[in-house]
Structures are given as C-alpha cells and as structure tokens.
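Here the protein sequences line up with chains A and B, keeping their order. Residue numbers for the first sequence follow my numbering, beginning at 1 and rising by one. Residue numbers for the second sequence follow my numbering, beginning at 1 and rising by one.
One should not assume that every hint holds.
[As the list claims (entries may be wrong)] Within a straight-line C-alpha distance of at most 25 angstroms, the following computed DSS-like cross-link-like pairs (lysine-lysine) qualify: (1) B/K146 <-> B/K186; (2) A/K196 <-> A/K166; (3) A/K119 <-> B/K39; (4) B/K166 <-> B/K192; (5) A/K166 <-> A/K178; (6) A/K166 <-> A/K119; (7) A/K204 <-> A/K222; (8) A/K271 <-> B/K237; (9) A/K222 <-> B/K237.
Think of the hints as simulated: they come from the structure by calculation, not from any bench.
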Amino acid sequence: MLKKIAIDQFSELVKALMDRGPLYAPVKGKEGVDFQMIQDPADVTLDFYNTVLSPKFVFFPQSEDYIRYRIIQGSPEAQPVPLESRPAVILGVRPCDVRSFEIMDRHFLGAGVIDPYWKAKRDSTTVIGFAFDVTQPADPADFYNTFGYGAADPEGSDIFMIRTGKDLLFKGMTDRGKKLLDSLGCLQKGDDRDEKTFEETVEKGKTVRTRSAEIDDRVIAKKLVSIFDNGEFWQKVSMACIACGVCTYVCPTCYCFDISDETLFREGSRKRFWDACMFTDFTLEASGHNPRPRIFQRYRQKVCHKYTYHVDKYGCISCVGCGRCIRSCPVNIDIFGIVVEAGKL
Amino acid sequence: MENPYIPMPMNVVKITTEVDTNDIKTFRLTFVNKADEDKFKYLPGQFGELSIYGKGESPIGIASSPTEPGYVEFTVQRTGILVGGIVTTALHDLEEGAQIGLRGPLGNSWPIDFLEGKNVVVVGGGFAFTTLRSLINYMIHPENRKRFGDITVVYGARTPGLLLYKDEMAAWQKRKDMVMHVTVDKGDANWKGREGFVPTVCKEVAPSSKNAVTVICGPPIMIKFTLPVFFDLGFSKENILTSLEMRMKCGIGKCGRCNVGYKYVCKDGPVFSLAQLEELPRDY
C-alpha cells in the first residue's frame, strides 16, 4: 500500500517522526548537505544530490563511548555505557548508500562476534531510502551501476521514498517500514496513479547511467591479489596520494576503528572512533616494525580490502560506487579507474 | 547479549621481574568475579587485552597454561616511549594488589589436536617465549604428557640475564621426559651453558622431522635463519607453526587493523602454519 504527502506538508511528517525518537535527515551546511539528528523540522532539506559524509555514522558514530570511568586510588569505578536502542529513523538515504548497510552488516553481524553497538542501532532504526532525481544525469564520480544498482532501487530500504512534482510517495518494503507508515496519521493513501508513478520511477531509475564496468567479484578479487607484488602499478596509481585518509572517512563501507581512553581531570571514557588504513601509524607495532610504511602499500591495502579481502571473507565487494571518495579526494584519485585498470593487467 | 568490548576486572596478585634489564615482568592475575573465572576457558597460544582505565588496552599473549587453575599470567615488556608504550609502562608501574581489566581469551591457539601424537620441537627466541611457555607447561602436565611424543625445546636469548622463566627452565632441564637446549648469544662469567644463535643450535640439535611439528616464535631475524634449518631437516610447511604479530585494537576481528590479506591476525590467528602464511600476501 502506497502512502503520500504533499511536499508543502513535509514538515508535518518530519514532526511526526521526531515525536517517535531520533530522526536523522539531510541538512544543508557550509560544506554541503549531510545527515544530522534533527532538532528543528525546518532544517531538513530534500534538495541535494548526495551527502558529503556517508550515513554510516548513524549506526557507527565517528566516536562512541563504551565505558565511562573515574580514576580513584586503588580500584577504578567504571560503568559500561548502555546501548543506544531508541527507535530511530534515518530519512533520505540514496539507494547505493542503503546497500552499504547490508555490506557493513556482513562484517559487524555476520561473522564471528556480533558487534553489540552496530546491532542495537541497526535493530532499532528504520531506513527510509530516497530515489535520486531520475530526470537528471548522475554525478560523474558515481559508478553504482557497476554493482547493478539503479538510481531508484527500493531494495534494502524499510520504506522507499520518491519525489514527484508535488508529492512524496512512500512504499513500505519491510514489515517494520509498513508498520511505521501505518502509524503516521499525516500521510494519505496513494491511488492507482501514484502506484504507477512509483513503478515508472523505479524503472526510469534503471536508465540513469553512471560510469560502469564489468567487474565480477571473484574475478577482480583474484586479479588484485595476483598483482599484489606489482609495486610499479601500485606506486603509479597512488603517486599523488598524500595519505590524508578522507576517502575512508566519507566512505559508507569503511569500518576500521581505533580504541582509546580519553581522560580529563580523572574522569574519562574508553571509546572507539574512526581510523584509517591510509595513516602511517595504523599498523605501527610497539617494536617499531611497520608492515606498511609507504603510501602505496597503504593504498594497495585500501583497494585490496574493498575488492579482494571483503570478497574472500564476506562474499561481496565492499564498495557501492557512491563516488564520495572521488569527489572528496584532494588529488583526484579515482578508485573506479584504478580497479578497471587493474582488471586489464 | 555478551558485550565483547567490556573488560573483566582482575586482581594483580603477583608481579615477577623476569630479566636483569627490568623491562619484562610477569603479572599473575586472579578473577574478581567467580562467574568470569568459570567462563574463561583458554588454550596455549591465545591472548588477552590487558587494560588500565585512563591508559588503554594492549594485546598480550597468555603465558600461563590452562593446567594452572585459579589464575592467568601475562609476561609484558615495557615498550619504548617513542612508539607508544603507555599501557605497558602503566602496567610496569603497578604494585601487587592493583586492579586491572582483561578481555579474552582471544584468537586461535596452538593447534593442540594437530600436535597430539606427534613429536613437538619448540623453538623460541628472547621475549617471544611466553605462549611457548604456556604450550610446554600444557604438554608436560601429568594428565597431558602421554598425548604428545618427544618434546624438544631450543630457547635462546641475547644474554643470560635476558632469559625468561629461569626457575622453571631449570626444573625443565632436570626432567627426563623432555630435552632442553638453552643458549645465549654471548655468555658472561657465570654462564656455564651453551653459546650460539638459535638457528645454529637447531642445526646442531638436528631434531628429526619424522612425525614432528615445530613451533617457532622469535624476532623476524631469528625466524628468517631458522626456517631453512627446518626445511633441510625435512619439515614440511604444514608442520612449521608460528604466531604472527600485527598491531591490534579490538582483538575480535572488527576494528580492521591487523589484517594480512583477508585474515585477521587477532581472530583467524595469531597462530598460522607456514603453508597458510604463504597463501597470504606478504603484508606483515
């Protein structure tokens, strides 16, 4: 059952969602549009191509406390921080980014130990996906077609949202999504014409072309590992890299983190925060040995992690072709071009 | 659901300074909570994350053996201030009676099932003897000794003062059911034992590769020169085991730091056979 709301009534929906719990939605800032926890319904914007940062922080914040402690002579006082499990909503996630959540699930939930922090927030958060504007061309950096995603694919979202001329259409894709839609009194029922518009938009989304290449998960995984020792190639493709790590920070599927204690005046917290394999001390051992002291070795690690190791470990490439790392790179390194190039070797 | 990031509180009941340079100490820990103790089941070769609030966590191999109930021991080197060492320095500053945190046991272990019924040659160099000590104590425990064939140990350090576990070593040398070869690069006036590098001693001792596995831990340079000796003796790559070192944080395969290829050393390792290592990219 399709639901809809007139665009000029959108803030009613935002208010209703905020009443339920934390709402994350796109907000215009100085550097571009990014997801934020909404305080004022007027802040939400739907006029954006994609966010600068990925929405991963909703489930995997840049910094997250595990334990808060007080240092007292003798025995320290320490309390685990309760898991965040309020029913949250993230609204406005582009189809390729929705897929990134599934890729991250394989790592945090699918193998070995289950990560309780990721799980608690994933379990309690409803994802409202949002179709790209299918009347406009894709950004030149994007390459999500490579992975078979369209500009308006609803798969993976709990609710999928499409913007038409004057309405927003919502389709419940999962039980959780349908339940949420049913509970929102501000929404109207869609009619047959809306159903048709929705389906047509999904289809039209498949014709929006991003850069694309035939990249088979298993084939590229083998290929990259076979050229692991081709230092000339890796040095050539990473020559401009300044190891700033921004590619990993904006990436929706980079999950590496550091754990550290931060103390101020005898009180503090043990926390995890984003780290990056592009940083020189990422693998620096206490002995002084560093397996990846050079930039090309770290860049090779980044590409191989996404296109080989993730395939070998979890069965899929950990890249969704969102184009963020390319748009944000200060020296215009293009992972898509590099992977295509590697495939030809 | 169990939260794998939250440490168990542990009491530091005994601190032993192991070496004459004072930078390696063994910490004996007991569990504050009985429930934690009951759950803590480990095998030789595994490690734990030791932590001190306000300083952080460090992954350290377990030096005690599961055949020693009631406590867990970790031998810790205080590392340099230029490349970290905050946690190990804080540990070294502790006094008996302090409380610290422990997460674990983590990682795989020396493959006990695989070692069973075989002759085991244990080769260690310097400080990298801690989980080998765990393995030896496990194998020579009266309940376990029959499960293994001949046990040969080659252990070396730069100087006599840098040898770990001296009392235990002396007791092992007296045993009839294992052969010990302790060596130092250079002896001192009181040293009556062997002098020579570990690879040379291995060559002299020449353990048979028949139905045998060797377990090697030590600095990279020692491993580099010891491996050819064992190849010459006929040991296959499947029967040469080692424990890998990589920088770690979470210890449970989540933080993405310690990968070699698609393996996480903290979860899929730290123990690998040479055959397994050769299938991975040389990124360690």
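Verification of the hints:
For the suggested pair B/K146 and B/K186, the alpha carbons sit about 36 angstroms apart, so the restraint of at most 25 angstroms is broken. Annotation: proposed proximity of A/K196 to A/K166 holds, straight-line Cα distance about 16 angstroms (limit 25 angstroms). With a C-alpha separation of about 24 angstroms, the suggested pairing of A/K119 with B/K39 holds against the 25 angstroms cut-off. About 14 angstroms separates the Cα atoms of B/K166 and B/K192, which keeps this hinted pair within 25 angstroms; it holds.
Distance restraint check for A/K166 and A/K178: the Cα-Cα separation of roughly 23 angstroms lies within the 25 angstroms cut-off, and the hinted pair is therefore satisfied. Distance hint between A/K166 and A/K119 is unfulfilled; the C-alpha atoms sit about 37 angstroms from each other, more than 25 angstroms. Under the criterion of a C-alpha separation no larger than 25 angstroms, the hint pairing A/K204 with A/K222 is inconsistent with the structure, at around 34 angstroms. Restraint check: the Cα-Cα separation between A/K271 and B/K237 comes to about 41 angstroms, which exceeds 25 angstroms; the hinted pair is violated.
About 23 angstroms separates the Cα atoms of A/K222 and B/K237, which keeps this hinted pair within 25 angstroms; it holds.
Hint violations for this structure: numbers 1, 6, 7, 8, all remaining hints satisfied.
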